[in-house]
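Chains as they are written, first to last, in our numbering: chain A, 90 to 588; chain B, 2 to 568.
Take these hints with a grain of salt, some might be off.
[Claimed, not checked] Restraint-style ranges between C-beta atoms, simulated for each label pair: (1) A:Gly533 / B:Ala181: 53 to 61 Å; (2) B:Ser309 / A:Pro444: 39 to 47 Å; (3) A:Phe417 / B:Cys152: 54 to 62 Å; (4) A:Gly312 / B:Ala66: 27 to 35 Å; (5) A:Arg315 / B:Asp509: 39 to 47 Å.
These are computed hints drawn from the structure, not numbers from a lab.
Being a predicted model, the structure only gives us computed values, none of them experimental.
Think of the CB as a built atom: it goes at the ideal place given N, C-alpha and C, for glycine as much as any other residue.
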Amino acid sequence: MPTNPRLIRAIRTIKRRVFLKAIAAGLAAPAAFRLARSATAAGGTPPKRFFLFYMPHGVAPEHYDPRVVGDDLTNFRLDDTNVSILGGLEPYKQYVNVYQGFQYPGAAATHSGIVNCLSGSMATDTTTPRTTVEQVIAKALGVKALVLGACSHLPFGMDANGMLFWDGTAIDPQKSPVKAADTLFGAVSTDPQPPVDFDVQLRQDLLKLTASEVDGLKSTLGGLTREQSQLATHLDSVQRVLADASGGPSVSACTGKPNLPTVEMVRTASAGIVVEPSGGNDYFYQEKNFPILLQAQLEVVTQAIICNAAQVIALMPMYATCDFDFGFAGTPGAHHNGLSHTGPQWSPGAMYNSPITVDNFTAAGREPFAKAQRWFADQLVNNVVRVLATTDDPAAPGTKVLDNTLIYWMSEIGDGQNHTRLSEVEYPQVPTSLPLVTIGKAGGAMKTGQVVRFPLDVPEKASLVNRPAADIYLSMARAMGAANATFPGTTGVLPQVLT
Amino acid sequence: MSGGLGARAAVGDGGRRLLVLLATGLASAAGCQGAISSPPGDTGTGNRGGGGQSGAGGSPNLTVACSKPDLGTPALRLLTRSEIVNTLNDIFPGISGQWASTLPASNVSAFGFDNDSSATVGKQFASALMDTAQSLATVVTGSAAGTFVPCAASSPNRTCAEQFLNQYGRRLFRRPLTTAEHDRYLAFFDASVAKSNFTSALKWMLVGLVQSPNAVYRSEIGAVGSDRLRHLTPHEQASALAYTFSGSTPSEELLARADSGDLGDVVGIARDLQSTARGQDVFRRFFQGYLGYTAVSSIQKPNLPDFSAVSGDMIRETDAFITDVLIGNRGGLKELLTAPTTNPSAALARFYGFPAPASDFASVARPAGRGVGILAQGSFLATHASSDSSSPTKRGLFPFFRLFCQPKLEPPPNVPQISQPMPGQKTTRQRYEQAHVGSGANCGGCHRRFDPIGFAFEHFDEGGRFRDNEGGLPINSADAFPDPSDASASRTLFSFTGQEDMVTSLVDQPVIQQCIAAYMAAYAFGTGEACIGASQVPALQAGTIGLADAFIQLAAEPHFKTRNPTD
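All chains, full assembly: derive it from the sequences and hints.
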């Protein structure tokens, strides 16, 4: 927040002019307000955007690991095998960091670890409050994170395998790209004189009343610690909604509603259907609709990033153990049971301590899963990375959007067969497993185009200790400008990735 | 298997593959001990297309051996998404579709149900609840004000607001408002009017009532009596009856009975509620969580092009079957598992190769030798299968977990591959046996406990259709049923030749009645506390009561009215 009175006046002048211009152009007050705020952003530091993209159930490491040439961690290839999960990123690798030698907390070795992998929390239950990285960054930036999903949990409800994102409690992602798009871009109105809105003030007043009711009820339940704890969580939630209600909307840098053809296809196909648990029949839960739902969600993400309509976004395509058949991606089989769990399948002569290379595994057992994961990576590259890397940032002339964006691409486990949760250093010293990748420069705050291998300077393999993945979160938060963000279990930022 | 996991931690980095061997060796040598996590699927812990696992999951700590009914703990039970929507539709009828719910999905408990009593209000829920309440209140106080606030047209004043508060506050809180609550809301209205206008002030007062903790939690706290136990108030009992047996808020009539201090015959009320359409929905919803069958409509079977056209009908088939067998005929677990009828649509009957029903979802006799009961229906068989083949493991796990209440098993981190289907070369059973108990396999420690059960279903393909052979190869659906309580899988309960034979012998096992009673209690009470709903087990075992009536009788359990004093 600026303190210079002249700067404050200048900002107010710009905001007022743009606001009035937007109103005249037919935008409703909220959209005009967002646009007005963008004007200040455009004239100063480019707004940074953060996007977290999840990929369910790990990788086949031999088709994931970058091939580093010699000891130069900035000289690497991402398309070294015939499948190469990261191959689509090869043209953009100047924006890419691949992280090796990191681990998730907690002992859970299977999918249940999804509940703690983005928070740094050690808890593997589903009741301990925790906060995941996108929420931490959003809070630090004073914005609301947009959490999207495509078939991200069971039709009947959400079990642990769908609990990736947390803000105290698990977050159910918005599964309708139509609703997400309308929320972000749909506030177009022809009414040049919007009515006086009493709702903003009364909403805040009411939240205070509700908070007092929750607190009052809690105080009557002496001795019932479980119920008091329930209500303490409830009270905290209401207070955080109240804090959000007191803040302004996010910044937008686009003057009109973006073109969203896939979203419109979903709108047509799902007309009249709301996201409700009706026994698995809903459009938004059906396997056959998953590819178009993911593409539509990514379309929303890309345009939201370009327009800066949402500064922090997270997307969960499928839940950890989802068994959608990946025939649509050219690699038939149930994703979890049929493709991911493909067994070690060492090639004849390979030993347990053989290097993780394509030659040491059978293609028939490994490539189908690698192709499925390559499909996820390609969705990210083709729908998001490629667009952002080639689009001028409307909020920061002279830069590409990807220059001002940080994308984090991850999974809840490493090897899809073995449920690893650390980048184990395999014999002979080949760091591998957990897919942890950043793409983008975060407004110049990130040093990119490297394999970030930890530790860099320990000569003896036996003494190697994986570094917590929360150190990556801390580094990303710093790069995004969240100076005071913290995570459980961190050992510090990664200096090699911060400028 | 837990030994395998312990060994894993000890090995440390660099030895992952060695660890694989250690883990499987230990698992095999030590037998299969339950651990609390997710159950193994074919090659891990999957569920197909979103839901199978919720029905096939294990039963952590569900106690089946109960010498007497017990009391559980007090609770604040957060209403589920569907309960909130039902409640608002019931209190404000006639405007459904004019307002929208944005409430997130309710969390599914380890038992497979979405009404866990420990559910909490997170920020997302709190925010969505307010948005939903605002959407509703905008309609109630706006376009539908003539219906719900008739005094607004002639006298938009404080008195009108107070009438509204007294009428709808009582319905939303499911009890009369206390004086303090009444005054608090009216003060909010007064302050809001001063800032806005009558309609806005009334709207936000209603939003407050809808999102109040007194509205969104079902209080099962009670008052401590001279016996030092907590006794639920008549209004708390009325709410428990209404939500447990009809999935929605108490009616005016039921609230009036609570106001009088005497609900009367609570079992009779439960019976009346269950006889309604909503009550039947709630009862069927138990089986949807217990069996996980609704997931069938969200999945694909790439090798069965006709499957997606009938998968939705499979849900309706099972719903209609439950309605006929359990609600209409008051059947029990025996009838559920062995009824010789089913309820397909005409299209589904064609898919199965069955005679067409008189009308869609009418009861028809299953052709002889084509299976019996609910476990021979497409919704179960297709959900508990792989996309391209049947799955003896998934199908075997259902009885293991959900009929015998065995604790969950932790799969090892190195689950081996099941080879791809080999039509005309190997049957599914041969592939599974090779992978799990064949030469060099190390999975028998666990899989011997449930795969043989699944072999009984091998005459049904991945879509739930009967098959005489598998790609021209003969099918072997015979085996011996392993005693689930024997971790070494060395004892068996009975031998069978196929699905019909297996379930016919299965229904004679007393423990399955104990187990389903425990699951019904977990569903009704939102908790897996021990022995709070076991009173009807002897009657279930004797066959003198059906499942629908046993569910109703949960209203007569001591836990329904009385709780232990503390958590």
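Here's how the hints hold up against the structure:
1. A:Gly533 / B:Ala181: 53 to 61 Å: 57 Å, holds
2. B:Ser309 / A:Pro444: 39 to 47 Å: 44 Å, holds
3. A:Phe417 / B:Cys152: 54 to 62 Å: 58 Å, holds
4. A:Gly312 / B:Ala66: 27 to 35 Å: 31 Å, holds
5. A:Arg315 / B:Asp509: 39 to 47 Å: 40 Å, holds
Hint violations for this structure: none, all hints satisfied.
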